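Student: Protein chains in written order, with this note's numbering: chain A, 17 to 361; chain B, 17 to 361; chain C, 17 to 361; chain D, 17 to 361.
Check each hint, because a few of them may be wrong.
Treat identical chains as interchangeable: a pair holds within one or across any two.
To be verified - Here are the computed lysine-lysine pairs in the BS3-like style, where the Cα-Cα straight-line distance is at most 30 angstroms:
1. K147 <-> K164
2. K208 <-> K361
3. K74 <-> K361
4. K208 <-> K164
5. K244 <-> K185
6. K244 <-> K272
7. K272 <-> K74
8. K164 <-> K185
9. K244 <-> K147
10. K208 <-> K140
11. K272 <-> K147
Honestly, the hints are just simulated from the structure, not real lab data.
Here the structure is a predicted model, which means the values were calculated and not measured.
Protein chains: 4
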Amino acid sequence: MSNRVRTVVAGATGYSGRDLIGLLLNHPHLDLIGAFASHSEEVTPLSAIHPQLTGLTKLDCRPFDEAAIARLAPNLIFLATPNEFSHEVVPALLESGATVVDLSGAFRLREAALYPRFYGFEHKRPDLLQKAVYGLTEFVREKLRDAKLIANPGCYPTSILVPMIPLHKAGLVADGQPIICDSKSGVTGAGKAPNATTHFVEVSESLKAYNIFGHRHTPEIAQGLEVKNESRLLIFTPHLLPINRGILSTIYVRLKDNVNRQDILRVWRSTFESEPFVRIFADSQLPEIKFVANTPYCDIGCAVDEETGQAIVVSAIDNLLKGAASQALQNANVALGFDERAGMK
Amino acid sequence: MSNRVRTVVAGATGYSGRDLIGLLLNHPHLDLIGAFASHSEEVTPLSAIHPQLTGLTKLDCRPFDEAAIARLAPNLIFLATPNEFSHEVVPALLESGATVVDLSGAFRLREAALYPRFYGFEHKRPDLLQKAVYGLTEFVREKLRDAKLIANPGCYPTSILVPMIPLHKAGLVADGQPIICDSKSGVTGAGKAPNATTHFVEVSESLKAYNIFGHRHTPEIAQGLEVKNESRLLIFTPHLLPINRGILSTIYVRLKDNVNRQDILRVWRSTFESEPFVRIFADSQLPEIKFVANTPYCDIGCAVDEETGQAIVVSAIDNLLKGAASQALQNANVALGFDERAGMK
Amino acid sequence: MSNRVRTVVAGATGYSGRDLIGLLLNHPHLDLIGAFASHSEEVTPLSAIHPQLTGLTKLDCRPFDEAAIARLAPNLIFLATPNEFSHEVVPALLESGATVVDLSGAFRLREAALYPRFYGFEHKRPDLLQKAVYGLTEFVREKLRDAKLIANPGCYPTSILVPMIPLHKAGLVADGQPIICDSKSGVTGAGKAPNATTHFVEVSESLKAYNIFGHRHTPEIAQGLEVKNESRLLIFTPHLLPINRGILSTIYVRLKDNVNRQDILRVWRSTFESEPFVRIFADSQLPEIKFVANTPYCDIGCAVDEETGQAIVVSAIDNLLKGAASQALQNANVALGFDERAGMK
Amino acid sequence: MSNRVRTVVAGATGYSGRDLIGLLLNHPHLDLIGAFASHSEEVTPLSAIHPQLTGLTKLDCRPFDEAAIARLAPNLIFLATPNEFSHEVVPALLESGATVVDLSGAFRLREAALYPRFYGFEHKRPDLLQKAVYGLTEFVREKLRDAKLIANPGCYPTSILVPMIPLHKAGLVADGQPIICDSKSGVTGAGKAPNATTHFVEVSESLKAYNIFGHRHTPEIAQGLEVKNESRLLIFTPHLLPINRGILSTIYVRLKDNVNRQDILRVWRSTFESEPFVRIFADSQLPEIKFVANTPYCDIGCAVDEETGQAIVVSAIDNLLKGAASQALQNANVALGFDERAGMK
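Bound-form chain A, shown alone (with noise of 0.2 angstroms):
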C-alpha cells in the first residue's frame, strides 16, 4: 500500500474527467481518492453524475476546495477544468508538492503574451509557462520523469503533431510552404455544457466549419512544429462531425524533392517503432476514426503524389483519449515511473 499513489481529479463532471476516472478506477498503482467539480456547489455521487460508472466508484464529486485537496494529502492531481480554471489554481495546487497533469490549455504555450488573442486572459505565471512539460508523450519522457506541471496537449494538436513532428525534424517538408490541416472532431470536443453548438439537431445530420484561422489550438501546433505563423504558414480549420468521439485530421504538405512515401514510412518507423501508442498504416489502409474511438493509440498513414511530391497525411485519435484523459495517465505513469501503459491494458 505505500506504493500506491494517492491521487485526485479535479474537473470530474466533465467528459475527459469521466473517461479519465474510468481509466483510473483500473489502474494498478494508482488510487482514486477524491474527485472534485470546478463549478458545482454540490455533493454529488459520481455514479449520479456518470451512470456509466454506477457499481465502479461510491465516491462523491464535491465542490472544488484547495483546503479540503491538501487534506487528502495527494501525490498526483489531475486538472481536467477549464482553462481559467487551471490558471487559477494550478499555483497552488504545486505548491502540495503533488505532480500535477493539467488538460486544460493553461500552461500549454510558452509564450505567455498569446494568452489574451486565444485564451482571454492575461497569464500571471509566465515563470510556470517555461517550467511546464509540454506533455505530448511520446517527445518528452525524459523531460516528463520527475516533472511536477505537466500541461497535457490538446486533442487537435495531438493529432497533427504526432505525425507532423519527426517529418519536420527529419527535414522532409519543403520550406517556406503551408501546412494545411482540415480537421474534423465529434462533439465530446466541444465540451458537456448544454448550447447551441452542442445541440442534437444542430450536429447531427450536418458538418460546419468552425473558428477559421482563430482557433486557439493554431499557435499550439504552430509551437510543436516551430512554425513562427505570421505568414500563415500553418492553417488549421476544425469541423464539427455528427459523432460522439474521435479526431480525422487530413494534412496537406509538400515535400522536399525527391522525398517520397517510403522516406516517411522510414521516419516514423524509427521514431515510433516502440511506442505503445502510435500505430502506423504503412499499407494502402488509412487510419478512420472508427478504428481509435475507445482506444489510446494515434493511428497514422499518408498518400504522397511522388511526381509532385505532394503529401496527405492522416491522423486519427480519440480525442478524449490520446487527446486527453489516456495521454494524460500515459503523462503521469511516466512521470511516475510506473509501466507508460499502466491502466490502458
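With the hints as your guide, set chains B, C and D onto chain A.
Tutor: Below, chains B, C and D alone, put in the same frame as chain A:
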C-alpha cells in the same frame, strides 16, 4: 389580393415555427406578414435565426407584442409558443377576430382540472377549452370550418390517435384491456432549448425511455380514445431516439373475438380512403420513420396474430409536420376554406 | 505456462468475433492461438480484417478447418459463426475434448421441433440440445462448471431474461397476462454482411419494427420465462435503431395484487447483490443504452403504477458484449474455474 | 395538355432517381410517364421500391428497354444510371429526338482519353463529349437552351465549381498555387448498393478519407477550373461522413496580392445576384450542411486572412439535389424553356 390571408407566426424561433414558416412561404393564399418570438427582446432577421431560410424571406423576427400584432390586422395567427405562454395570450389574440391555431398544449384538454398536474399551471379559461377545436384534421373537418380557436394536436397523440380512433369507433378493440403505446421520437420533439437532454453526446448512440406514466400527452391520448385512465387502460411510454425528426409508435392492443387484420384494414380504408395525408400500409411492409420524414403524412400499418387477436399497430409521422406544422396548416386550410393540401404540394 | 488455456475463435470476421478477440487479447489466462472464418477461403491478418486490432495481434484469420483446429489442440473454442454452421461443426469440435462456447442459436432451444420454423433447418442433435448449458451466467453457474457445450444466449433474450427471470421465480408477475417486450437494438445486432437492411442510409434518421410475431428470439425468451406461447402470453417486437451497439428493452407486465416497486427491487437485490455484471437502477434514473455501451453490464430498472400493478421494466445491454462476447467470456471463465471477471477488468 | 412534356426516368431505383421522381411528381409541366431500372428484370411499383412515394404515384418501374422507351415517345429522358450504362444507351436514346439529361459521368469530361483511367472504360463517342453541355446551370444557360444532351455535373464538382469558377474568371486567384479541396459527403453519394463501405456500422461514429489523388471527380473539377493537373495544382480529397445527405467543401486557395474578402463577395454578388439557387453567406455565418439538406441550393461563403491572402472558401449542397436531381431538373427547365425553378417551389 383581396383574398389573401394576412398571417402571423408567434414562436418563430423554434423548430415547429421554422418548419411552419417554410411551408407558409410556399403557400398560394397565405401571406406571412409578421414573425414573433415568445422569449427574446431582439429584432433579428428570420434568416439569421434559421439560415435555412436565407434568400426566402427578408422578414424580421420581433419580440412578442400583442399591440404590434393587432396593428398587423392578421386574419390568421399561428402560435408555436410554450404551453403557458399560449394560455396567457390566446384570449386577447382571439379578440382581434383572427383565426388562432395554437400548436401548444394549452387548449387541447377539455378537462381544466388536468392542467395543474400535467402542465404545471392552473387553467384560467375552461370556457375556451370547450370551444377550442382539437384539430386532428381527419376527424373534425366540419367543426374546423369557421373555428376561431384550433388546438393543434400533440405529436405523439397524432401518431397514436390517427390509427386507433377508427378501430375504437368501429368497435374492434376488446373492452377492458390495456392499450400499450410504445413511442419513439426524434430530438426536435424535445425543442430547441439546449439542455442536458438534447446535448448531442447524451442522445447519440443511445436510447432512453422518459416520463414513464407521467407524460403530458397521456391524458391527450386518453381523451382522444375516450378512455378513463384510472385503471391504466392506456399506457404510453415515450423514448428519445438519436434522430432529428420523426415518431414511430408501436401500439399493442387486443382485438375482440373474431376480428382480424382484414377488418382493421377495412375500417382504415373506409375512414381514410380519400384522405390526402394518411397512407395505409396494407402489405407486409410496415411504416418506418424514413418514409414520412419531411412529409405531411401519417403512415399506418398493423400485424395481427389471428389465433389470439393480439394486434400490433405501427404508425409513423414527422413530428414537426403532421405532428405540428403541416397539421396546423391543414387545419388552417380547412378553417379558411382552402384546399386542405394548399402549401403542401 | 502450463495453466494457460489454448483458445480458438471461429467466426472471427464478424462483430461478435472481433469484440471477443479484443477481450481475449487482454485476458490473463487465455491465449488466443487460432482464428478462423466460417465463410472465407483466404488467409488474412486479423488486423487487416479489423484494423482496430492493429498492433495488438499478428495472428492470421484462416478458413475454417476442423483438422487444423484439432492440430492446435485447443482447450477452449468459441464459435461466433452462423446458426447452421455451428449446428454442423459443434459435434466434431466437442470430440476434441475442448470446451465449446457457441454464440449462435444452434443449441439454445431445448425443443428440437422449433428449429425448422425459427431457424430454417432440421436439428440433427436433439441430444446435444439437452446437454448444452444455456449460458445466462447469473442463473446457471453451477451447471457451467465443467460444462462442455455452452449455448451463449441471444442478445435480446439476455436483455429480457436477466430482469424478468427473478420476478417470475419470485412469483411477482400476474398469471395469464401478456408480457410485452418492446426491444430496440443497434445495427451490429444485424451482423456485418452488407444488405439493404444494414445500409447506412436505410437505417440512419429512421426506426423500424421488424419480424413482428416471428423473431427467432421469441421462443428463446419464452423458454427462459417458462411461458407456453400458444396464447401469445409473450409478445416480443424488435426494432432497428440507428446506433452501432446496444439494446434497450421496455417490458410491460402486470404484477400480482399488492406487489409494488419495492418488491421488485428487493427481489433483484437478493438475486443480483453480488453479481459483477448486473446493475440495479433503484432511483429515478432508468437504464439507457449509453450507460452500458462498450461494457459487460446488464442494467435494469423499473417503474410501477402502484394503483394498478402495471410495471414497466427497462433494461439495457451492449448487444456485442453482455449480449454476445463478454457473456461468452463470463461463461468460459466460470466453466474453467477462473475469476468470472477475468479479461473484463 | 399539348404543352406537357412526356418524361421518362431511367435509373429509378437509386437515391438520385428517387429524389428526381419526387420532384417530377410535383412539376407543373412535366409528366412522368415511364420509370426504368438499369439492372433489374422485375416490374415493381415505384412505391414498393421507394415507400416514400406511397400514394404519390401508381407507376411501375420496369426493366430498361430502349424499344419500350421509344414507344412512350418521350420528350425528355433523365438517366440516373451507372456511368458505363449511360455511355452505352445515350446514343440510341438521342436518336429518338428526346432531350437527354444524364446524371452519370459518362459525358462530363471533354477529353475521351481520361475515361479508361478514371471510369474504367474506353469512350466510344468522343464526338458526343464535344456536343454534350456540361450542365452547371448557372454558367451555361445559353448553351442549355435547345441542348439535346446534358451532362449533369458530379456532386463534389458542383460544390467546388460554383464558388470557384467566378473567382478564377475574375482573376482573383494566385497563379501556380495549389487549390486544395477537402470535401466531405453523406452516404447517399456512395449509392444504394449495399457493400462494406455503406454498412451502417462502418460509417457511423467514424470518418474516413478515400480515393486520395484518384477520385474520378478530380479531372471534372480540373476541367471546370481550366487547370492542367500534371503539377497537382488541384488537390481533391473526399471524405465519407456519417450522414445521409449533403456535401461540405472546404477549399484552400491563395489570392493574388491585395485581393481581399470584399473582392470575393463582390465577384460572387455580380455573378449570382439573381440566381435562384445560389446563396451567398456574406456575414460571419458560414455555410453548413444542415442549411441546404433537402433543398436545391448551393450555399457559399469564405474567410480570408488579409495579411497573407490565404482564403478558405466553404460551400454546401445537398448531393442528391443541387448535386444531382434538382440540378438535372434545373437544366431540363432551361433546355425546355420553363421557369428554371419549376418543380422546385
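Student: Compare the structure with each hint and give your call.
Tutor: Status of each hint after checking the structure:
For the identical chains of this complex, K147 and K164 are intra-copy neighbours only, at 9 angstroms inside a copy versus 61 angstroms across copies, given an alpha-carbon limit of 30 angstroms. Taking identical chains as interchangeable, the C-alpha atoms of K208 and K361 lie at most 30 angstroms apart whether they share a chain (27 angstroms) or sit on different chains (27 angstroms). For the identical chains of this complex, K74 and K361 are neighbours both inside a copy (23 angstroms) and across copies (17 angstroms), given an alpha-carbon limit of 30 angstroms. With identical chains, the CA atoms of K208 and K164 are at most 30 angstroms apart within one copy only, with a shortest distance of 28 angstroms there and 45 angstroms across copies.
In this assembly of identical chains, the alpha carbons of K244 and K185 lie at most 30 angstroms apart only when taken from the same copy (16 angstroms versus 33 angstroms across copies). In this homomeric assembly, K244 and K272 come within 30 angstroms of each other (Cα to Cα) both inside a single copy, at 19 angstroms, and across copies, at 22 angstroms. Taking the closest pair of Cα atoms, K272 and K74 never come within 30 angstroms of each other, the shortest separation being 57 angstroms inside a single copy and 35 angstroms across copies. In this assembly of identical chains, K164 and K185 lie within 30 angstroms of each other by CA distance solely inside one copy; the values are 27 angstroms within and 58 angstroms between copies.
Proximity of K244 to K147 under the C-alpha cut-off of 30 angstroms is restricted to the intra-copy arrangement: shortest distance 22 angstroms within a copy versus 51 angstroms between copies. Taking the closest pair of Cα atoms, K208 and K140 come within 30 angstroms of each other only inside a single copy of the chain (28 angstroms); across copies the shortest separation is 40 angstroms, beyond that limit. Taking the closest pair of Cα atoms, K272 and K147 never come within 30 angstroms of each other, the shortest separation being 35 angstroms inside a single copy and 43 angstroms across copies.
Violated hints, in rising order: 7 and 11; the structure is consistent with all others.
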